[in-house]
Each structure stands twice: as structure tokens, then as C-alpha cells.
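Under the UniProt record's numbering, read the sequence shown as residues 1 to 330, first letter to last.
Worth flagging that the hints you see were computed from the coordinates, not collected in a lab.
Check each hint, because a few of them may be wrong.
Here are the computed distance ranges between Cβ atoms for each label pair [as the list claims (entries may be wrong)]:
(1) 236 / 154: 50 to 58 angstroms
(2) 326 / 123: 27 to 35 angstroms
(3) 72 / 182: 19 to 27 angstroms
(4) 52 / 270: 25 to 33 angstroms
For each residue, glycine too, the CB sits at the ideal point set by N, CA and C.
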Amino acid sequence: MSDSAQRYGLFLNVENPDGDARDALMQTVSYAVAAEAFGYHDVWVAEHHYSSYAIGSALTVLLAHIAARTSTIRLGTGASLLALNDPLRVAEDIATLDLLSGGRIEFGVARGGPFPVQYRAAGIPSAEDARARMHEALALIQRLWREPTTSFDGRFYHCNDIALQPRPLQQPVPVWLASLSDDSLQLAAGQGYGLMATPSADLARVAGQVATQRAQRGDFPFAIARFFHCEPDHRDALEHGVACVRSYPRLMQVQFAAGALPPMFAADASEEVILANAVIGDPAHCAAQVRLLNERLGPHRLLLKPATHDPVMVRSALALFAQELGLSGG
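Given the sequences, and given the hints that come with them, work out the whole structure.
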């Protein structure tokens, strides 16, 4: 069922359930290398801080290692938490990554998700403040990449006559907002940015937002991450995949604001609700879910977030799915 217009990628969270940080990092790299061999188009890596479970804190270091081990797969920051970092340093790091990778970087940015400890440690009072910082930092970074010298006097960030070096190979570097808040939607529409939905985002709500954006913007870059698990036996795949999704909020220690809990993360979420917002099953069933996503969302990039922590099962699932899709190398 290969569709040359559809792009398939991998969304990696650098999870460390066994308390072995080196193994977790090396497994993340190995998944990216395998994804390229199987014919996937993108690999995106998440950034998290101050968690013993999600340890992808040095995003650009990890992506640089993946870049050195691959040659064709696109490399995405999924996402760079701009509010928690110096935007000048982020601009330098991403530009360097783009050069070293031969122009393969996709620059996704986010405010930081439902993890208040990240904000507290950075002295940021609220998620709303983090989002405002993200938007301002992104504006500064793009000017630094584009202008011979940059002076900037914003609410949060200031610089005077900065000539950033090196500059990215891509002009421009593709930018994605990993947010579907109203102000992020407006910013993306005004600047031509892509939009990205998280693995737990409710499909019905996302489909409505995408349809509204397409009515306003026409075609635009859109990506959606989905929890993923695939096994030859459909029932085994459901049993393993759904159990992993149910454990995820506890392991990640997510703290959603009142009224913002995704339906699939509710304590009493049914298997049907979880499966409606994931890609889990045998290869044929997973392919059918992809067709449904295409019908609901139109053109998009599908980013598969492995549900299981078993590295053998992850690689097997990616290989089975790539073969079913007819990806080159799968």
C-alpha cells in the first residue's frame, strides 16, 4: 500500500525504564539507524529534563551522534524546548547539526509539555510564560540565521549586533511548532510553519483543527505522532501495545492542567479509545489505521512512537510495518 506522497517517521523519547542511561541512549541511536535501513523518512527525538525516565536532555548531542551513524533520514528536534535554553546557543547548535548532517535537520520547537518541574527549575512561572518565551526565542533564532548581524530587544531576550556563525546549510531550515494552541496556530499560519500533534493528542480534536487550518492556509506541513506497536498476531499486538500506553502517563509523571487530560490517558480509558488514537495491531490492521488517518487528516507525516521498551520488539515492529507499507528497504 505504499504511497509516495506519504512520509513515515519515528518519534523517540529516550526512555530509561531499567535505570541504565547508556543503554537507553544507545538503543535510541540504534532505532534511528534501523529506521533508515527499513526505509523510514524521518526520525524525531524529544527533549526532556530532570526525569530519571525520559532522559533526552542533550538533544543536539544525541542528534549529532545519530547524524554520524546515518546518511539519508531526516533528523527532527521533536521538540527543542526553547524556553529552557539560550536561543543563541540553540541557533548555533542547530546550524552546526544542519551542516554536519548535510542539510537534514527539521527544527521542531515546543514550550515543554505537562512537566512543571522543567519550568520551576528554569524559573519560569507558568506554561503560558513558557509558550511566550518559545515564540520570542524562535523569532530571534530565525533572524540570527538570516541576518548578517542581529540586534533584538524583546520581552525575554536581548542581543546587540550579533553575527551568528556558522549558518545552517538549509535556507531556510524547516520549522515546526509542536503545539496546537490558538496562539501557536496563528503564529504558524502567519509564518508558514509546520504543525505537529503529540502522541496523546485526541484524533477527533486534531482533525478538526487541521481542517480549519487547511481552510485558512491551504496545504501546509503537518505531522502527527502516534503510539505504535505491531506484531504478526493481532491479539498479542493489542495486549502488549495497549498495556504499554496505559503505563506511559505514570512512567512519564505527566501533570496535565485541569480539563486538559487526553482521553487516552484517563484512568478509565477503554481499549477502544486508546486504539482510536494509536497505530497498534498486526501489519494489515496497522496499515488500515494509516488509511484512516489519511482520510481524517489529509496529507501529513506519521511519526511512530514505539509503545514497548523491548528493543527486539521495537525493531521487529518497525520492520513488519515497513514491509507492509512497501517502504524502500523494509
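Results for each hint:
no. : hint                          : result
1   : 236 / 154: 50 to 58 angstroms : holds (53 angstroms)
2   : 326 / 123: 27 to 35 angstroms : violated (50 angstroms)
3   : 72 / 182: 19 to 27 angstroms  : violated (37 angstroms)
4   : 52 / 270: 25 to 33 angstroms  : holds (30 angstroms)
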